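All chains should be modelled from the sequences, with the hints used to inform the complete structure.
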Amino acid sequence: MLSRWLIRVTGLGYLLVILAAPVGLVFYRAFENGFGAAWDAVTTPDAVHALKLTLEIAIIAVPANTIFGIICALAIVRYPLRGSGVLNAFVDLPLALSPVVVGLAFLLLYGQQGWFGPWLADHGVQIVFALPGMILVTIFISLPFVVREVVPVLREIGTDQEQAAETLGASAWQTFRRITLPAIRWAVVYGVVLTTARALGEFGAVSVMSGRIQGQTETMTLHVQGAYENFDYTAAYACSVVLALVAIFTLTLMTAFRPKEGR
Amino acid sequence: MRRPQGLLTQGIAIGYLSVIVLLPLAALTWKAGEGGWSAFWDAVTTPEAVSALKLTLVVSFLVALVNAVMGTLIAWMLVRDSFPGRRIVDAVIDLPFALPTIVAGLTLLTLYGPNGPTPIDIAFSRTAVLVSLLFVTVPFVVRTVQPVLMELDRETEEASHSLGAGPFTTFRRVVFPVIFPAILSGVALAYARAVGEFGAVVLITGNLPFKTEVLSVYIFGRIESGDPSSAAAVSVLVLAISLAVLLGIGALRRRFTRWEHA
Amino acid sequence: MAITVRQVTKRFGDFVALDNVSLAIPGGSLTALLGPSGSGKSTLLRIIAGLEQPDEGDVNILGEDATDVPARKRGVGFVFQHYAAFKHMTVEKNIAFGLDIRKNPRAETKKRVGELLELVQLQGLAKRYPSQLSGGQRQRMALARALAVDPKVLLLDEPFGALDARVRKELRAWLRRLHDEVHVTTVFVTHDQEEAMEVADRIAVMNEGRIEQVGKPRDLYEHPANEFVMTFVGPVSRLGGEYVRPHDLELTLEPNGTTERATVERVVHLGFEVRVELRLEGGDEVYVQATRAQAEQLDLSDGQTVYVRQGAPVAS
Numbered sequence: 001m002l003s004r005w006l007i008r009v010t011g012l013g014y015l016l017v018i019l020a021a022p023v024g025l026v027f028y029r030a031f032e033n034g035f036g037a038a039w040d041a042v043t044t045p046d047a048v049h050a051l052k053l054t055l056e057i058a059i060i061a062v063p064a065n066t067i068f069g070i071i072c073a074l075a076i077v078r079y080p081l082r083g084s085g086v087l088n089a090f091v092d093l094p095l096a097l098s099p100v101v102v103g104l105a106f107l108l109l110y111g112q113q114g115w116f117g118p119w120l121a122d123h124g125v126q127i128v129f130a131l132p133g134m135i136l137v138t139i140f141i142s143l144p145f146v147v148r149e150v151v152p153v154l155r156e157i158g159t160d161q162e163q164a165a166e167t168l169g170a171s172a173w174q175t176f177r178r179i180t181l182p183a184i185r186w187a188v189v190y191g192v193v194l195t196t197a198r199a200l201g202e203f204g205a206v207s208v209m210s211g212r213i214q215g216q217t218e219t220m221t222l223h224v225q226g227a228y229e230n231f232d233y234t235a236a237y238a239c240s241v242v243l244a245l246v247a248i249f250t251l252t253l254m255t256a257f258r259p260k261e262g263r
Numbered sequence: 001m002r003r004p005q006g007l008l009t010q011g012i013a014i015g016y017l018s019v020i021v022l023l024p025l026a027a028l029t030w031k032a033g034e035g036g037w038s039a040f041w042d043a044v045t046t047p048e049a050v051s052a053l054k055l056t057l058v059v060s061f062l063v064a065l066v067n068a069v070m071g072t073l074i075a076w077m078l079v080r081d082s083f084p085g086r087r088i089v090d091a092v093i094d095l096p097f098a099l100p101t102i103v104a105g106l107t108l109l110t111l112y113g114p115n116g117p118t119p120i121d122i123a124f125s126r127t128a129v130l131v132s133l134l135f136v137t138v139p140f141v142v143r144t145v146q147p148v149l150m151e152l153d154r155e156t157e158e159a160s161h162s163l164g165a166g167p168f169t170t171f172r173r174v175v176f177p178v179i180f181p182a183i184l185s186g187v188a189l190a191y192a193r194a195v196g197e198f199g200a201v202v203l204i205t206g207n208l209p210f211k212t213e214v215l216s217v218y219i220f221g222r223i224e225s226g227d228p229s230s231a232a233a234v235s236v237l238v239l240a241i242s243l244a245v246l247l248g249i250g251a252l253r254r255r256f257t258r259w260e261h262a
Numbered sequence: 001m002a003i004t005v006r007q008v009t010k011r012f013g014d015f016v017a018l019d020n021v022s023l024a025i026p027g028g029s030l031t032a033l034l035g036p037s038g039s040g041k042s043t044l045l046r047i048i049a050g051l052e053q054p055d056e057g058d059v060n061i062l063g064e065d066a067t068d069v070p071a072r073k074r075g076v077g078f079v080f081q082h083y084a085a086f087k088h089m090t091v092e093k094n095i096a097f098g099l100d101i102r103k104n105p106r107a108e109t110k111k112r113v114g115e116l117l118e119l120v121q122l123q124g125l126a127k128r129y130p131s132q133l134s135g136g137q138r139q140r141m142a143l144a145r146a147l148a149v150d151p152k153v154l155l156l157d158e159p160f161g162a163l164d165a166r167v168r169k170e171l172r173a174w175l176r177r178l179h180d181e182v183h184v185t186t187v188f189v190t191h192d193q194e195e196a197m198e199v200a201d202r203i204a205v206m207n208e209g210r211i212e213q214v215g216k217p218r219d220l221y222e223h224p225a226n227e228f229v230m231t232f233v234g235p236v237s238r239l240g241g242e243y244v245r246p247h248d249l250e251l252t253l254e255p256n257g258t259t260e261r262a263t264v265e266r267v268v269h270l271g272f273e274v275r276v277e278l279r280l281e282g283g284d285e286v287y288v289q290a291t292r293a294q295a296e297q298l299d300l301s302d303g304q305t306v307y308v309r310q311g312a313p314v315a316s
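Protein chains in written order, with this note's numbering: chain X, 1 to 263; chain W, 1 to 262; chain G, 1 to 316.
Bear in mind the hints are in silico, worked out from the structure with no lab data behind them. Quick caveat: nothing in here was measured; it's all calculated off a predicted structure. C-beta: ideal position from N, C-alpha, C; glycine also.
Residues of chain X placed beyond 10 Å of chain W at every Cβ, according to the derived structure: (1) H49; (2) A121; (3) R185.
Label pairs and their calculated CB-CB ranges: (4) X/V86 to G/D180: 49 to 59 Å; (5) W/I12 to G/P36: 37 to 47 Å; (6) X/P182 to G/G161: 25 to 35 Å; (7) G/R176 to W/L247: 58 to 68 Å; (8) X/E229 to W/L62: 26 to 36 Å.
If you want the ones that stay clear, here's a sample from chain X, every Cβ over 12 Å from chain W, calculated: (9) N33; (10) G36; (11) D46; (12) K52; (13) L55; (14) D122; (15) G124; (16) P182; (17) W186; (18) V189; (19) T217.
Written out as C-alpha cells, the structure reads:
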C-alpha cells in the first residue's frame, strides 16, 4: 500500500536525519586520523581520570537509587498515605527539571553562601565543586527510574501472594525477600539499566557542581566539552565514541530487559 | 501489611526524598524570593532573560508539536508495519535517552555544522536549537503511544470497516481517540525535557544572547557570573510555567479519558 | 468450639461490612459461610484469619483470644480464590514454604511435601511451576501448601470460584473427602448455595453484614428462618403471596379446591426435571418443577389451561 511506504519513508527518513547520521559521523571522525590517534586521545591522564570519576559517581548513585527506589515504590503502592500522590510527584520531579536548575539548587544548599555552607565550612567538609556534590546531583537526576519501573509491577502482582505468605507464618522481611523481591526482580534490573545510563550521561548538573577543574572534577561528559573547546577535536570525538559505545550497550540491555506489554 | 514495617517504609521514603529532592528545591525557591518581589521581577524581565524565555518556550512548543506527529507516526510504523531491521530501529529510538546530551550535541554539530560533509550549516542559528531539541525528545511520544497501539483491539477497527468506514475515517474516529491521551502524556514529557535541555544545545547553538541562547544556558551564565539570585528567580519562573503547562496537559488528558472512568 | 466470633463489627468508611456478628464453629466441622456479594462473608473469614481487624468484638481460636494476634501467628491455613500461588517457585517449593521459613530440617520437609503431594494427588508435578498447572491443580497445590504447617483451622475464600463448572464439581466432592480424612476444622466462603448444600455440615447464611440463620443444610432448606434464607438457599415460586418450593406445587387438569387457574407458557425439559412455566390469571409468572413422569402423565402443551396449588409433592 502506498500509505505504508509513505509512513516508512517519512519515519525512517526522520530518524536517519535526526539520529543515525549524526552519530555515525562521530564514529567516522573519531577514527579519521587512525586508530592509534583515537586510542591515545582516550588514554591521556585527564581522560582516564574523567572516566574513573564518572564511574565513581555511578557506583554510589546507582545502588543508592536502587535500594531507596524499591523502598519508595513500596511506600507508594503498599503503604500509601493520604498524600501519596505527593510522594509520586516528588519522584517524578527530576524528570521535569532542567539539569542546570538542579545544579543551582544544590549549590544554594551546600555552597559557601548556601544554607549549610557555614556549617560545612566549619567542619572542613567540601561538597560543592567536589565529588560529594557531583554524586548528590547525579542521585537527584537519576532518582525516578527504579521507582517508576517497580511501581506498576507492584500494583499488578497485588497483595495475594504476600498475604498467603503471611498466613503461612512469614515475617515482613521474609515475605519481602522471598516473595516480593523475586516478583519485581526484572523491573528492578531494567530500572538499574536506565539509572546507570542516566548517571553516566549527566552533563548539566555536574557542570554547575564541578567547577570544571581539569584532571580533578571533570567527568567524561565534561571532558568532551573541554576537549572540544580547546580545539582538541580528536579527543572530543574519541571520548564521545567511548560514551556512544556505552550508550549502544545500554540500548541492548534495555531491549533485552524491557518489560513486556501492559505497563 | 501490618503497621510497624509500613511506618518504617514510609519514613525512609519520605526521609530520602526530602533530603535529595525537597531540600534543594526549598533552597532554590527561598533564594528566588530572597530579594522580595521587586528583585524577582527585575531578574526575570531583563532583556536577555526575556529573549531566552521567548526562544525556549516557542521552540519547545514547536518541538512538542513535531513530536506529537512524528512520534505517533513512528510508533505506528513500529507496531503495525514489519520490515527488515525493525527491531534495530525500535532499539535505536531510545538512543537519545542512553546517549549523554553533550555527545548528542557534538554529533549534530559534526554533521550539520561548518565542517560537516553536507552543505547544511545550522550552527549558531535558531534552527540548531530546534534540531537539538528534536534529537533529545525522539523517544517520548513514541514510547507512550507504542504500548497503547499494541494493546488496541483490532476488532474495533474491523468493525469500523465492516460498517463502511475507510482507513482515514477509521483512524480518525476509532483509533485516534484511544491513542490521544498517550500522545498527550508523551508531549508533556517531551515539552518538559525540551524546556530544560542544556547539554545538547550548548555546543551547536553558540549560545548567542538574544539570538540562540536558551533559558538553561542563560541560567548557567548567571551562575557563572556569581549572580545566583537572578538564576534562582528565572529558574523558579520556568518551573512555574512548566508546572502550569503540565497541569494543563493533564487536565486535557483527563477530559479525553472521561469514557474510561465513566 | 474451635472458633468463636463474638459481636464483631467491621466498617469500611461508611459501609458496614459486618454488623454485630456472632458465630460458633465446632471443632472438626466443615462450615460454609453462604451469602450474596457484599454480605460480609469474605470479610468475616479474613477477620478469623487475621488478615483484617474488627472494629468491635473479638475472635477466639481454640480457646485463646486471637483478636490481637497477627495472622502469621494464628496457625490458620488460608486458601485464596485466585490461588495466590508463588509464581516463581516450583510446586514443591510452594508447598514447602511454610516449613522452609520455620527452618525445618530438609529431609523432614521433603518427606512431608511428598505426603501432601499424594494427599492432593499432585504426585509427579513437584518440579512444575504454577503457570504449567491447570486451575484445579493450582488450587489443590494451594490447599497442600496451607495444610503443610498443620493449621488449627483451614479457611477457604471462594476456593472454586475461578474454576469452570466441571472442575468445580469435582473439587467439591474432593474437598469433602479430604475433610473426612484430615478432620481439621474447616470454614469456606461461597455464594453458590448448591455448593454449600453439597459440601458443608453446617451453613451460616449471611446477608448485608448479618447472619440470617445457622444450621444443617436440610434444616435451612426445609425450615428457613425468613424469606431471605428461603429464596437464597433453594428455588422458590410465589403463589398466593407466599413463597413455595417449585417441587411442592401440584398441577392438575381440572380445578380442585384451592387451585388457581393458569396458562402454560412453556414446558422446558431439563433432563430429568421438567420446568413448567405458568402465567396466572392475575398476570404473575410461576414455575412448577415436575418430574418427567409427572409431565408425561399430564401431557402439557403451550397455551393449555391448568390448575395449580400448594400441595405435598406428588408421590412417584
